[in-house]
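> Sequence:
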Amino acid sequence: MEVSDSKVPNIKHWSPQDRPREKLMLKGTTSLSDAELLAILLGSGNKTMSAVDLAKKILRSTGNNLHELARLSVNDLMKIKGIGEAKAIAVVAALELGRRRKDLEAEDKPRISGSKDAFELLRPHLQDIQHEEFWIILVNRANRVIRKQQISQGGVAGTVADPKIIFKAALETLASGVILAHNHPSGNLIASPADIQLTRKLKEAGKLLEIQVLDHLIVSGQNYFSFADDGML
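Residue numbers (the working numbering): 66 to 298.
Be aware that one or more of the hints could be misleading.
Unchecked claim - Computed spacing ranges between beta-carbons, pair by pair:
no.	residue 1	residue 2	range
1	L131	D295	43 to 51 Å
2	R209	N253	31 to 39 Å
3	S98	E161	34 to 42 Å
4	K167	L236	42 to 50 Å
5	A151	M297	42 to 50 Å
6	D295	T113	23 to 31 Å
7	R209	S98	16 to 24 Å
8	K146	D295	42 to 50 Å
9	E87	L236	52 to 60 Å
10	A151	A270	46 to 54 Å
11	K92	T238	40 to 48 Å
12	R86	T224	38 to 46 Å
What the hints assert, rightly or not - Within a straight-line C-alpha distance of at most 30 Å, the following computed BS3-like cross-link-like pairs (lysine-lysine) qualify:
no.	residue 1	residue 2
13	K112	K174
14	K92	K112
15	K174	K144
16	K88	K146
17	K174	K88
18	K144	K122
In short, the hints are calculated from the structure, not lab data. Even glycine gets a Cβ: it sits at the ideal position worked out from N, Cα and C.
I would like the entire structure built from these sequences, with the hints used as guidance.
Quick look at the structure:
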């Protein structure tokens, strides 16, 4: 249901400590609400809504869920009344920077001790996209990450994982183990027959090369399914 846009005072008439930019300078970033931070990205409101009210409107459209906001494209944001291309691009760009920062935090060769570690490493790449992608994590004998790599990108219903490309990457880096992962945009975390067959095929191929397939994750949003945790490896 569309929320009506009521007339509001110009943000310039607010108390300095209530204006998002001034509040950030006075009290720091942690003092700002999600709406206020988003309002700074928007830069301005419109004739009937302040930047903060426009930010609140965007957040309401996603159930006040930042993860859902991160899934929106420029075109999705532009469907919200009051959001033009420039504002939409600014929001999408900022959220992408957040993803990349999280990605860099994991770049210090962490140790994979379980499925959750692997999920956290790949989540920035797989949680918000609307098509399927296949990724691998290559590890050494101590289960320290050597590299993570995208293997393929497909459509909404599937993607192709070529064993030759997977094991070529493993051999080039002298990896001792590989963790497989792909996403299901539909939200379904059940392994399909094709997923199970591919995992078995890669596991058997890995034995010949002495490269162990340690797990296969299916990611959907904030959740995942682990073949290893479910005893399917």
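> Provide an ascending list of the numbers of those earlier hints which the structure does not satisfy.
Violated hints (numbers, rising): 1, 3, 4, 6, 7, 13, 15 and 17; every other hint is consistent with the structure.
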